[in-house]
Amino acid sequence: MCATSSSGRVGLGDAVRGRVLFGGDYNPEQWPEEVWHEDVRLMREAGVNSVTLGVFSWAKIEPRPGAREFGWLDRLMDLVHGHGIGVVLATPTSSPPPWLGRLHPDTLPRDADGRTEWWGGRQHFSHSSATYRRHAAAITEDLAARYGSHPALTMWHINNEYCTYDWGDEAAGTFRRWLRDRYGTLDALNTAWGTAFWSQGYGDWAEVLPPRRAHYLNNPTQVLDFKRYTSDMLLECYVAERDIVRRYSPDLPVTTNFMPMWAGQDAWRWAEEEDVVSVDLYPDPRDPFGAQEGALVQDMTRSQARGPWMLMEQAAGSVNWRGVNRPKPRGLNRLWSLQAVARGADAVCYFQWRQSRQGAEKFHSGMVGHAGEQGRTYQEVKQLGAELRRLGAQVTGRHSVSRVAILHEWNAWWAGEQDGRPSREVEYQQVVRAWHRALWEAHITTDFAHPGHDLSAYPLVVVPQLYLLTDPAIDNLVAYVRGGGTLVCGFLTGIADEDDRVRTGGMDERLRELFGIRTLHEWWPLDPGEYAECDGLRGMLWSEEIEAEKAEDVVAHSRYKGGELDGLPAVLRRGRAWYVSTLPEPAALRELLAGVAAEAGVRPVLEGLPAQVEAVRRGDLLFVLNHGREPVTVAVPGEYRDLLGERRVTDTLELGRYGAAVLSP
Amino acid sequence: MCATSSSGRVGLGDAVRGRVLFGGDYNPEQWPEEVWHEDVRLMREAGVNSVTLGVFSWAKIEPRPGAREFGWLDRLMDLVHGHGIGVVLATPTSSPPPWLGRLHPDTLPRDADGRTEWWGGRQHFSHSSATYRRHAAAITEDLAARYGSHPALTMWHINNEYCTYDWGDEAAGTFRRWLRDRYGTLDALNTAWGTAFWSQGYGDWAEVLPPRRAHYLNNPTQVLDFKRYTSDMLLECYVAERDIVRRYSPDLPVTTNFMPMWAGQDAWRWAEEEDVVSVDLYPDPRDPFGAQEGALVQDMTRSQARGPWMLMEQAAGSVNWRGVNRPKPRGLNRLWSLQAVARGADAVCYFQWRQSRQGAEKFHSGMVGHAGEQGRTYQEVKQLGAELRRLGAQVTGRHSVSRVAILHEWNAWWAGEQDGRPSREVEYQQVVRAWHRALWEAHITTDFAHPGHDLSAYPLVVVPQLYLLTDPAIDNLVAYVRGGGTLVCGFLTGIADEDDRVRTGGMDERLRELFGIRTLHEWWPLDPGEYAECDGLRGMLWSEEIEAEKAEDVVAHSRYKGGELDGLPAVLRRGRAWYVSTLPEPAALRELLAGVAAEAGVRPVLEGLPAQVEAVRRGDLLFVLNHGREPVTVAVPGEYRDLLGERRVTDTLELGRYGAAVLSP
Amino acid sequence: MCATSSSGRVGLGDAVRGRVLFGGDYNPEQWPEEVWHEDVRLMREAGVNSVTLGVFSWAKIEPRPGAREFGWLDRLMDLVHGHGIGVVLATPTSSPPPWLGRLHPDTLPRDADGRTEWWGGRQHFSHSSATYRRHAAAITEDLAARYGSHPALTMWHINNEYCTYDWGDEAAGTFRRWLRDRYGTLDALNTAWGTAFWSQGYGDWAEVLPPRRAHYLNNPTQVLDFKRYTSDMLLECYVAERDIVRRYSPDLPVTTNFMPMWAGQDAWRWAEEEDVVSVDLYPDPRDPFGAQEGALVQDMTRSQARGPWMLMEQAAGSVNWRGVNRPKPRGLNRLWSLQAVARGADAVCYFQWRQSRQGAEKFHSGMVGHAGEQGRTYQEVKQLGAELRRLGAQVTGRHSVSRVAILHEWNAWWAGEQDGRPSREVEYQQVVRAWHRALWEAHITTDFAHPGHDLSAYPLVVVPQLYLLTDPAIDNLVAYVRGGGTLVCGFLTGIADEDDRVRTGGMDERLRELFGIRTLHEWWPLDPGEYAECDGLRGMLWSEEIEAEKAEDVVAHSRYKGGELDGLPAVLRRGRAWYVSTLPEPAALRELLAGVAAEAGVRPVLEGLPAQVEAVRRGDLLFVLNHGREPVTVAVPGEYRDLLGERRVTDTLELGRYGAAVLSP
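Residue numbers (full-length UniProt numbering), protein chains in the order written: chain X, 1 to 665; chain C, 1 to 665; chain R, 1 to 665.
Just chain X, with the same shape it has in the complex:
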């Protein structure tokens, strides 16, 4: 929810107060208190105005069951407050202390093979454990009671990266409860799950289990419901803690940090329960399309927030969980941070302030790295802090507006990406990323939307792939086109209903009619490295044996050439509704979507932009970002002031390697 949300909920605005929040996770439990004083000095020099405390503090606050050791946190809160730094206070419930697991093994999750996840890492808690929830609530309550009115406090952060699953016995019980709520009767469950096949009919609720290890494929709707249920159980955990802190801090926003495009949480639903939507973002510096991955996650987070949002975590340098962990080259941290601001972030934060010397993340970079104050990483952080301070007043609270929406939905992902599907080569995330990349390369800024949203404000809506679509969603899409919208739709869309039941005809009839498909005979998934040649493009991953309606307004924009599908339509349009039955190669998909966009009246942010240069408008500011390592000249018709360089720009902008400008009219 943005600051100006009409929902009446508090938003990011009050925490921000005209500044871009800048800072990060601060875990000073790791250091002697004398280091804290060095920390706040370096924070001030770097322009840090926000730290997140408490994420991993449970064992320090409650070293024994029921103990409360708040003294250190009192001193810490006062210290940072004394230096003008605000606090995002986290409930420490993502990593319970060892005693909880030892005294209450029922708090530990079990995987599908029955294996326990022990303490010694983090996130070793079961969302379904009543014991865990009770202990989590107790410490949340005491933390909120103590600090809910602390003057340093600007925001509550619940838990951290909710991401656990549980197939154990207590989870089996909550799964049954969730299923009863969803279906009411066993008959309804049997119908929804299609248990008539493979002799899976349930006669007693006690027979229903999470989809544990099986001899052969698990029931797919059971798997789908288990994913829905898991997201909902975690959300229950979040809501329970949120409601506690709200009682003590009714005017402060509450958030929890999403992982970027993470399968475990239906972020559309979760965002509705948050005051501030925040995300963690870690593109690989080695990835030539890392900037586009960042843009995608930023677009998605902004869309979930419906306004300004918070970049809760990024890395100042390298992470430690890839095979080969590269640092960010000089300038990249600044550039990607400004990209987030361009795309709506009002907070640019990091995991973590000071790089650990011990523990599992000691090779994950910090704002202050192992090289310390003299290290390049900190020096660049300091420079960025100064720049964000300059920008603050002019960007915060402003909106980035897009005229194109990409539809994305978790149920479709969960249902579509299971074992026993037509092609394991088709990965939902990669398909969504390919379509977003095409628009990003065409310099067209995109929102993300849920297929049930009101889409009428968008001249163009694209659906990379939505295997599962509910009836209302399909009606929404059809109505959108009838109402004048332009829709481009990729393959494997509208196949299944809400229960993962394949729709009659193999693809929803309303959609077939919309696109002019008479019969969808067969899918022809492609091998890795195999291509489907078509007029004007080459397709990857997938192709289809489609028989088009014989109607004047049904046009094969491109046809397959050669092979079994020779002459059949590859890209089909009926008026403003387009169907793309393959994944065109990047340049072809870009050209296709840019053409359709132009027809729909959607133009690039700037014309004639060089490749690797991104332009984004936020409010009346124009961000221009050079993601290349070579200097570029960019045509920017008009007169501007560059808020970063404090220079005047007339018609032409020079940007160095990883250079950026924020142009104000």
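Treat the hints loosely; a few may be bogus.
One copy or any two copies: either way a pair holds, since identical chains are not told apart in the list.
Pairs of lysine to any residue residues, derived as SDA-like cross-links and limited to a Cα-Cα distance of at most 20 Å, are as follows [claimed, not checked]:
{"no.": "1", "residue 1": "550", "residue 2": "373"}
{"no.": "2", "residue 1": "382", "residue 2": "41"}
{"no.": "3", "residue 1": "60", "residue 2": "187"}
{"no.": "4", "residue 1": "561", "residue 2": "330"}
{"no.": "5", "residue 1": "382", "residue 2": "35"}
{"no.": "6", "residue 1": "60", "residue 2": "33"}
{"no.": "7", "residue 1": "561", "residue 2": "535"}
{"no.": "8", "residue 1": "60", "residue 2": "203"}
{"no.": "9", "residue 1": "60", "residue 2": "72"}
Read the hints as simulated data drawn from the structure, not as lab findings.
Since the structure of chain X is already known, use the hints to place chains C and R on it.
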């Protein structure tokens, strides 16, 4: 057993009654009853004359322990009967209802790591569970009592694709019982397993376990016996149900469907317990040698049946369990179905009639696909049904005769393909397939045979690889050659005795003498992509350091060139006994075997056949099948009538892409 | 410990008595007694003078709990003694009989997932099981009592290839005991493990567990301590049995066989508890650098032994545990055996004497292979036995002296090679091997040393990589350079302290000062196949963003060219201290180290040696070994007698394929 079996057992003939059985698994539990009426209409239009019912019906018949709900099945049996369609009735014991696992966890299998296989998929039953067997027998009994005399019933089908393993505690008990039966005493077991090595001597039967997870390699004979035992336990399950249904339907044949060349069942032994041998067959439409894989399985099944056999399952289009699941291109379903008939099938059936809309196999094709009646798949099924109707009277019951036998045996496979072997690159199935392919490409039809069979009717016998050979089997081979037969034998043959004990000299002395091998010094397995150059051929996978006997009749047909083995024999012959110490590349193996065959008086079915064209004789019919996508002209000296095209053929036959002809003199 | 050890412990000398020990593991339990007589005949013909008995004899000696069946072993000991063959007697405790696991499941290890390792393989014992230890001690006691004074006995061998882990509950108890011994208090443990991060603070010893399966990364110091603990627990097992046999045979040496460069045991610590250091060595005959791998292990074992050592196991031909198991080509077994002697071995032994016909290792070669007496393998063994007999008196007890030490240490390995590290591509073993290879190819013989050792005797010390270095070790290195030594140090050295705590500045300050590094800004690990171009060399795996001290004596020997690191130092030297921030390609690393060595006064063993020819001095003998398959001419200035060829050599030596000479002045 074929219809004319002298064993006195019933066979396929009565079910067939001059028609090729055409149809498939029919699981109408998935659909409302109004769909059933549409089903029978479409079946009739497609010429369907047989459906398999009940495969996954346990939970529907027995939704609660002890319940019996037969009404729906009564109506269904009557409905199909009323439309002249026969029923193959399956016992539903391959997929127990959830209540069985919940009330009786002892029915669930455990893997070698101790992990349970839960319900929620299928085949979650332990072959060793007394509880499972009791419940399976009870429902079989009641099913047989109710439908054993139903006029629609033509055949019984027991369970489905027996394929489960169990390492759990109850299985440990049945394993011990099986071992006691085999060995009598622990001393005999200790001797057979070679437990003197690694300190594994057993002093009490209670110490003997299935080969569970171990620190390092398991005892190989224990592993071998566990595979023998598993096949036998599953066979016990089969026999128990078979004996029940026979009591109610003494005149009807009983079968269970094999998976094609599946490691879990010794199909030679199983076939002896069946009235009809049936198999499931799913070559990959993408595989350029898919037709050869089909031919191999068909040859093997025909050989196990010693006459006509049943293709119980194939896919009308795609399957759903490969990484990339391709549909069958236009014409391929017909072509491969006719190939099965050519090679002895009297039944061409599918999994499944109507493609599921829910459940784990909804992306496995059906005879009626998601595209429905208008879809290409059903249209082609209908065409095929009409053609099979025309052929029926002239092919059913006829035999396909071969003059070459390929030896294949499960114990050799089980013993030879274990951890700790000379080369993990050597896969038994691939070696067998390579040899079969050589003969298939040479247009020579082959039977498969067990090494203990009477081989005297075959002018040529080939052994791709039989790592384990019993003494009688070796004597049989030697006697075969002495009796005038020609034997070609691949590497890794005759190494181990029945207990997987390496024979003195590293290869059986009788065989060494037969081939003229004085000393087998060392094996030289090859890396992937590595070749052994020889005179006239290149070898793959394997080479050997052999010292040949110095005798006049011992001839090195080909010698290694270069490398460590330079000048040593690669292919050795002594009279009519050939030894091939490497795997020649495909063309070389084809040429070698075709040459030996010619010398043995075995000629191709037709001379001068183009590549990709297969010719097979069944009775007095000549099937000619074009597996290529280009039209071909085939020389067929003589005058024929083509039963498919209803055309006369004189000396020359034109076949289009995937075209087929069935020529009658 | 070598024979002349000043420690007062017995050494190898008395067992050797001027002969190279030649023989191997002898497991005659596998054969009827009549084969034993054939065995000793073949042994005598082959010059075998030592056999290792009892390794896998537990079940045969104690077939039922408490039984003792020694008769067969009495006969065996007497038989071999009667033929003048000495016995290395092993305690049979590496493979307990099945009854132990059945009656005492607490003796079976559990893995990190909780899965049991069952009997049926070998090494299914938990080092922490009090029951196991009690039974192991009892049989060791009785064995030692019976044979401790047998005239055939020359040495005791404890257990076999100690290599087990245990994460189970009894192990949790011994882990806690070990941790209490190490840390004293929980506070100290919490500090060492850095449990303040991720909320892992322990409040009760009972909460501490082995690092079992966790949701995300385990605590790295916990993992490190678990590896230390495992090595120590196994060592406790060894010491307990050693102390028993010493009571009965106070004058005989005791050993246990290491696996070559095996991660599970800190061999520096273990060697201190052994009278004789022995190792098993199995380079892949396919590996073009197999001889170098052998040299590395031999150098390391010699260094651990500080004198002559024992090659306990090698293969006369192939092993059975690789994917593709190649035999040794003609001559290679002899060549590699002589290489071991050149590098200090006084014993050349094999696993095993007669190749098994049954059990899990039947495809592991023996000195007598499946081909028997006529087989090439045995014939070559016999030839080698004769040659070793000739050499014995002149080599045994002599030392091989090196002037270069390579530092290697287990704690550095354990700490550095964990999940969550900068690059999974960096494998410690491969880095060590690359540096050893460079010196081996430069014909410079190397010792290995522990970083805490007195290094002053070595003009040159190289550190391929020591991620963890204790403070004393760092001081030792600095003092070494100050004392006139030359040090070359690879990347990722000196990063962490003893608790795996990253040192301030990201690399130890003393080392940075030593090498002239002002700031270590960032690590830039490289992708597989990616290179860092530098002046005069190409780097692999790794590169670094280093800022050098601006001081006259700090010189960038090579700089990065192009890319982000352009112009920064790649190889830095300050006086005699060199820092190499990447892994130079083989030729470049060889050239670099040869240059530094020359500067330090270290020359190759012989000048102008062809590639593939190795020269090693042992005492006053010069071994020259041709590892190539082509004949070579080697310049050997001076006059020699070749002890192998019984020829005189003047200035020039001709060696055939795999040829060897042992030149005596």
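| task | If any of the earlier hints don't hold here, list their numbers in rising order. | result | No hint contradicted; all consistent.
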